[in-house]
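Chains as they are written, first to last, in the numbering used here: chain B, 4 to 319; chain C, 68 to 338.
Mixed in with the good hints there might be a few duds.
What the hints assert, rightly or not - Below are the PhoX-like pairs computed for lysine-lysine, each with C-alpha atoms no more than 25 Å apart in a straight line:
| hint | chain 1 | residue 1 | chain 2 | residue 2 |
| --- | --- | --- | --- | --- |
| 1 | C | Lys108 | B | Lys150 |
| 2 | C | Lys108 | B | Lys127 |
| 3 | B | Lys155 | C | Lys108 |
Everything labelled a hint here was simulated from the structure, so no lab data went into it.
Single-letter residue listing:
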Amino acid sequence: MTTVAENFVLPERRGAAGRLSDFFWKHPHVLLTVMLAPPLLWLGVVYIGSLFALLLQSFFSIDDFSGLINYEFTFATYRQLLSETNLDIILRTVSMAAVVTVASALIAFPIAYYAARYAQGKWKVLFYLGIMLPLWSSYLVKIYAWKLILAKEGIVTWFLAKVHLQWLLDAWLSLPVVGGNSLSVSYTGTFIVFVYVWLPFMILPIQAALERVPGNLIEASSDLGGTPAQTFRYVLFPLALPGIVAGSIFTFSLTLGDYIIPQIIGSSRLFIGQAVYAQQGTAGNIPLAAAFTVVPIVIMGAYLYMAKRMGAFDAL
Amino acid sequence: MRSDRLNRSPLGLKIAAAAGLAFMHVPILLIFLYAFTTEEKSYQFPPPGLTTQWFAVAWNRPDVWAALTLSVKVASIATAVALVLGTLCAAAVSQTRFFGRETISLLVILPIALPGIITGIALRSAFSIAEFPFSFWTIVLGHATFCIVVVYNNAVARFRRISGSLIEASMDLGADGFQTFRYIILPNIGTALLAGGMLAFALSFDEVIVTTFTAGQQSTLPIWMLEELIRPRQRPVTNVVAMIVVLVTFLPILGAYYLTRDGDQIAGGGK
Chain B
4 MTTVAENFVL PERRGAAGRL SDFFWKHPHV LLTVMLAPPL LWLGVVYIGS LFALLLQSFF
64 SIDDFSGLIN YEFTFATYRQ LLSETNLDII LRTVSMAAVV TVASALIAFP IAYYAARYAQ
124 GKWKVLFYLG IMLPLWSSYL VKIYAWKLIL AKEGIVTWFL AKVHLQWLLD AWLSLPVVGG
184 NSLSVSYTGT FIVFVYVWLP FMILPIQAAL ERVPGNLIEA SSDLGGTPAQ TFRYVLFPLA
244 LPGIVAGSIF TFSLTLGDYI IPQIIGSSRL FIGQAVYAQQ GTAGNIPLAA AFTVVPIVIM
304 GAYLYMAKRM GAFDAL
Chain C
68 MRSDRLNRSP LGLKIAAAAG LAFMHVPILL IFLYAFTTEE KSYQFPPPGL TTQWFAVAWN
128 RPDVWAALTL SVKVASIATA VALVLGTLCA AAVSQTRFFG RETISLLVIL PIALPGIITG
188 IALRSAFSIA EFPFSFWTIV LGHATFCIVV VYNNAVARFR RISGSLIEAS MDLGADGFQT
248 FRYIILPNIG TALLAGGMLA FALSFDEVIV TTFTAGQQST LPIWMLEELI RPRQRPVTNV
308 VAMIVVLVTF LPILGAYYLT RDGDQIAGGG K
């Protein structure tokens, strides 16, 4: 009997690796700590630490005469943030984010719906890669491509001249707000590039939401006499809504923080991202730059709270 | 029985979907055309003539080579760091239960969920507060921070599919923890890590917003491109570089797709 019992318990392992392995087996918490320490040290301490340090700086102010940071707790910087010029920047960015979000949802829906419901086999792969490749291809190259397209001597002007619609472009560009000297220095240009660059981020969550809608639900709706418009309004749209909200999180947040697109294609009026960049760089006003970054954080916080209540996270 | 009519897509939908896909791809294809144009001073369309001379000009530009080498170096090291940290996180989250487990996923996703400018400026001010000089290594640290999430997402999805009994069987047969990792876990998560690593590489190779804040005097390829975009000096060379960047980023994405297509997850879904 004793020999059997002895064989049940293996002898302790030898060598450093063996003993270490036994030690971890007996103390799983030590293993967990060893595994989690490096990533947590970096993300939890250094990264979160820098974020808090940045937010803290928004409560300092800058001395107007010396240009040095005055390390005293104050709301002066936030008062400065709410000045008319800065409110203008915030309003401009938020409206752009809203318009871009709506437009991307409109363009994304048919692509996502076709990919989710009708594309089969080879076409499914084609659609998948057709959405993935633009998503992952270089951000700057995409902006550069639009600089080529929207330039005065570029393809848009050429095409419109060919079909004798040049007057339409000229009429659009002469409009206030959306117009400008050429498409590449107008809000219209900025808007097109934003929609183009963030579009894949909208398609993927909508597609994920639509994949979960069973086909016979649509059939049932038409069997019961629903017209295609009614089926869309009362069946498809409510089921796709969490996906649309999930996609809008990306389009909204990315537009709020971007400073490169409006700098390269757009008018000279600033967006939040450009204001942050200018304040921390040339102006050297880190407190105001930090206060500006609080704006997207607060807006996205509220947005995420709403999205969570609508169940958008299940569609991610 | 399903009627055939319902399984065919309406024409309007087909046109809208095709137009949407064209909208996403035509601009990228135009880059390829412009790389061959003979026009130097403007973005004229259609190109007055086609030539391959700009490829030779770009090939002989030392600044392009310097930027490309720096980008590849940064992306390789950042990917390596992200692979280690992301896998550790994924293993801890998926193989064990502990207090604050949910928070870890949030923590990993945060650097990519917040606008890049916030991550960039936060790291920049932290580096200057710590009097850490801006160098090659500050770029790498910035990139590794947001690359972790890609590796993590791919690894977590794969860890979920490894059944616990496989690991228990290995232990029962007398393998120690390291042997189990080497012979059971690693072969199972290998392709997921490779896919995650490729996507992390593509992400780092292309990143510009965080880099503008964490770089010192060095310019990575995206920084070089950004300078050309703001102040164009030699447009034909930029056209060629843009085309090469498109090709270089497509390869890892296609590779990652083929490595994970049998899986239950989408390789790029976490970007």
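Verification of the hints:
no.	hint	verdict
1	C/Lys108 with B/Lys150	14 Å, holds
2	C/Lys108 with B/Lys127	42 Å, violated
3	B/Lys155 with C/Lys108	13 Å, holds
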